[in-house]
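Protein chains: 2
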Amino acid sequence: MKLLEEKIRQDGRVIGTEVLKVDNFLNHQIDPKLMQAMGNEFAQLFKGQQIDKVLTVESSGIAPAVFTALALDVPMVFARKKKSLTLSDENYTADVFSFTKQETNHIIVDKRFLTAGERILLIDDFLANGQAVEGMLEIARAASVDVVGVGIVIEKTFQKGRAILDEKGIHVESLARIAAFEDGQVIFAD
Amino acid sequence: MKLLEEKIRQDGRVIGTEVLKVDNFLNHQIDPKLMQAMGNEFAQLFKGQQIDKVLTVESSGIAPAVFTALALDVPMVFARKKKSLTLSDENYTADVFSFTKQETNHIIVDKRFLTAGERILLIDDFLANGQAVEGMLEIARAASVDVVGVGIVIEKTFQKGRAILDEKGIHVESLARIAAFEDGQVIFAD
Numbered sequence: 001m002k003l004l005e006e007k008i009r010q011d012g013r014v015i016g017t018e019v020l021k022v023d024n025f026l027n028h029q030i031d032p033k034l035m036q037a038m039g040n041e042f043a044q045l046f047k048g049q050q051i052d053k054v055l056t057v058e059s060s061g062i063a064p065a066v067f068t069a070l071a072l073d074v075p076m077v078f079a080r081k082k083k084s085l086t087l088s089d090e091n092y093t094a095d096v097f098s099f100t101k102q103e104t105n106h107i108i109v110d111k112r113f114l115t116a117g118e119r120i121l122l123i124d125d126f127l128a129n130g131q132a133v134e135g136m137l138e139i140a141r142a143a144s145v146d147v148v149g150v151g152i153v154i155e156k157t158f159q160k161g162r163a164i165l166d167e168k169g170i171h172v173e174s175l176a177r178i179a180a181f182e183d184g185q186v187i188f189a190d
Numbered sequence: 001m002k003l004l005e006e007k008i009r010q011d012g013r014v015i016g017t018e019v020l021k022v023d024n025f026l027n028h029q030i031d032p033k034l035m036q037a038m039g040n041e042f043a044q045l046f047k048g049q050q051i052d053k054v055l056t057v058e059s060s061g062i063a064p065a066v067f068t069a070l071a072l073d074v075p076m077v078f079a080r081k082k083k084s085l086t087l088s089d090e091n092y093t094a095d096v097f098s099f100t101k102q103e104t105n106h107i108i109v110d111k112r113f114l115t116a117g118e119r120i121l122l123i124d125d126f127l128a129n130g131q132a133v134e135g136m137l138e139i140a141r142a143a144s145v146d147v148v149g150v151g152i153v154i155e156k157t158f159q160k161g162r163a164i165l166d167e168k169g170i171h172v173e174s175l176a177r178i179a180a181f182e183d184g185q186v187i188f189a190d
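Protein chains in written order, with my numbering: chain A, 1 to 190; chain B, 1 to 190.
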C-alpha cells in the first residue's frame with residue numbers, strides 16, 4: 001500500500017536493525033484518514049470471503065480493525081491483554097510472549113463474542129515473531145471459528161512470523177512488508 | 001443521541017444499581033457503524049471550536065475518538081495506561097484511580113504529541129467519578145494545551161464526575177445521560 005509505505009518512510013523512526021517506531025501515526029498518535037484507507041484496503045483484499053467478524057488485540061489493533069469492520073459491515077472484537085489471569089469459564093484465553101518486552105501476557109475474549117462456525121478475519125498492527133497472531137489463532141481454535149485470513153499493517157519479513165503462518169496455510173495480507181533496516185533506512189520487500 | 005440510547009436499552013446489561021455493561025457494542029465487541037455515528041455527533045457538537053487534536057485513553061476510548069478525529073480531520077492521541085511507571089522526561093503522566101477496580105493506574109502521553117497552545121478535545125467512553133478525565137486534564141495542564149471540551153459516550157449523572165467538570169467550567173457533551181438504574185432498567189436523564 002503506497003500511502004502507508006510513504007508514511008513509514010516519512011514518519012517512521014528506525015532504531016537499530018530490528019525496531020521501527022510508528023508511534024506518530026499508528027500506535028500512540030493516530031492518523032484517522034490513514035486508518036480509514038487501511039480498513040478499506042483490508043476489506044478489498046478479503047472481499048468475497050463472507051466474513052462475519054473482525055478480531056484484533058488491544059490497543060494498537062483497534063483503529064485499523066474498526067475501519068476494516070466498518071468497510072465489511074460486521075462487528076469487531078478486540079481481545080483484552082492482561083498480565084495476570086483470573087480463570088473463568090466465561091472467557092477464551094491464550095498466552096502471548098512479547099520478544100520486545102520479554103514478558104508473557106494473556107489475551108482474553110468473552111465467549112459470548114465468538115460463535116462456533118463464524119468466519120473471522122484477524123487484524124494486527126505488526127507481524128514480527130507472530131506471537132500475537134498465534135494467540136488469536138489459539139482462541140479461534142478453542143471457539144471453533146474459521147479464520148479466513150490475517151491482515152497485517154506492517155510485516156517484518158526477516159522475522160519468523162510470516163513463515164509460521166505460511167506453514168499453517170493461512171492467507172496473510174500485509175499492507176507494508178519490510179525486508180530490512182539499513183543505516184536507519186527502511187528497505188521494503190518486493 | 002437516540003441511536004445510542006436505543007442500543008443501551010436493547011443491549012446494555014445493568015448490574016446492581018451502579019454498573020452498566022456495554023461490552024457487546026462499546027468496549028469489547030464494537031459496533032463500527034455506531035462508533036462512526038458517535039464520532040460524527042461529537043464533531044457536530046464541538047463544531048467551530050478549531051480543534052487541533054483529539055485525546056483519549058486506551059482502550060475503550062480509541063474507537064469513538066478515532067471517528068471523532070476523522071470527522072474533525074485532525075490527529076488522535078491515546079494515552080497509554082500502565083500499572084507501573086518508569087519516570088522519564090519524554091512523557092507527561094497522571095495517576096488515575098479506578099473505583100471499579102480499586103486500583104491506581106498511570107496514564108502516559110509522549111511529549112512529542114502535545115504542543116503548547118494546541119486546542120484539544122477529550123473523549124472517553126464513560127463519565128462516572130471523573131478520574132480518567134481528570135487525569136487527561138492534568139496532562140493537558142502540564143502540556144499547556146487548551147481543553148476546548150470533553151465528549152463522553154455514556155454519563156452516569158448520579159456519580160460525581162459531571163459536577164467536578166462543571167465546577168471547572170468545562171464544556172461537557174454526553175451522548176447518553178443515565179440518571180439511575182431501577183429494577184435492572186436504565187432510566188435516562190432529561
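Hints should not be assumed to be uniformly reliable.
[Said to hold, decoys possible] Result set (BS3-like, lysine-lysine): computed pairs, CA atoms no more than 27 Å apart in a straight line:
1. A:LYS21 - A:LYS47
2. A:LYS21 - A:LYS111
3. A:LYS21 - B:LYS111
4. B:LYS160 - A:LYS7
5. B:LYS160 - A:LYS21
6. B:LYS47 - A:LYS82
7. B:LYS101 - B:LYS47
8. B:LYS101 - A:LYS81
9. A:LYS81 - A:LYS53
10. A:LYS111 - B:LYS53
11. B:LYS101 - A:LYS21
12. B:LYS101 - B:LYS82
Everything labelled a hint here was simulated from the structure, so no lab data went into it.
Going down the list of hints, with the structure as the test:
1. A:LYS21 - A:LYS47: violated (30 Å)
2. A:LYS21 - A:LYS111: violated (34 Å)
3. A:LYS21 - B:LYS111: Answer holds: LYS21 of chain A to LYS111 of chain B is near 15 Å, not above 27 Å.
4. B:LYS160 - A:LYS7: violated (43 Å)
5. B:LYS160 - A:LYS21: violated (39 Å)
6. B:LYS47 - A:LYS82: violated (38 Å)
7. B:LYS101 - B:LYS47: violated (35 Å)
8. B:LYS101 - A:LYS81: holds (16 Å)
9. A:LYS81 - A:LYS53: This hinted pair holds, its Cα atoms lying about 19 Å apart.
10. A:LYS111 - B:LYS53: Answer violated: LYS111 of chain A to LYS53 of chain B is near 36 Å, above 27 Å.
11. B:LYS101 - A:LYS21: violated (32 Å)
12. B:LYS101 - B:LYS82: holds (14 Å)
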